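For our numbering, count along the sequence shown from 1 and bump the result up by 1137.
Don't take every hint at face value.
To be verified - Across the chosen pairs, the derived CB separations fall in these ranges:
| no. | residue 1 | residue 2 | range |
| --- | --- | --- | --- |
| 1 | 1213 | 1188 | 17 to 25 angstroms |
| 2 | 1146 | 1185 | 35 to 43 angstroms |
| 3 | 1186 | 1140 | 15 to 23 angstroms |
| 4 | 1228 | 1173 | 18 to 26 angstroms |
If you're looking for bench data, these hints aren't it; they were derived computationally from the structure.
None of the values given here were measured: they were computed from a predicted structure.
The beta carbon of each residue, even a glycine, is placed where N, CA and C say it ideally should be.
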Amino acid sequence: AHQVRENATRPEKILALFHALGGQTGGRLGKQELRKYAQLSGFEGDDEEWDQEYEQLATVCGFDAKKGADGAAFADVVDHGEENSNQRADDDLNTLLSKLDVKIPKK
């Protein structure tokens, strides 16, 4: 299981989320791994809707849809959020990490 330190910075939490979804160092998150993230974030669409959403994310966040998102592009995906709203709050990141069984030590 993955773990982040108690006072992890936002980029560290995003990196831990990237790894928990299957992106390893120097790796990428493909369409299915990003769909898992989207579903954890509230996406409820079908395959066709996900195809459209994924293509849009690739365009907006600047990654090749065929190759998938690297760590930097994934950080853009996380910050893209709902309808280009504010960045995902740290509490939301903590919730997503716990859903993926990433341990966050309690204070």
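Status of the hints after comparison with the structure:
Checking the proposed 17 to 25 angstroms range against residue 1213 and residue 1188 shows it holds: the Cβ atoms sit about 20 angstroms from each other. Taking the beta carbon of each, residue 1146 and residue 1185 are about 37 angstroms apart, inside 35 to 43 angstroms as hinted. Taking the beta carbon of each, residue 1186 and residue 1140 are about 34 angstroms apart, not inside 15 to 23 angstroms as hinted. Distance hint check for residue 1228 and residue 1173: the Cβ-Cβ separation is about 20 angstroms, which falls inside the suggested range of 18 to 26 angstroms.
In the structure shown, a violation is registered for the earlier hint numbered 3 alone.
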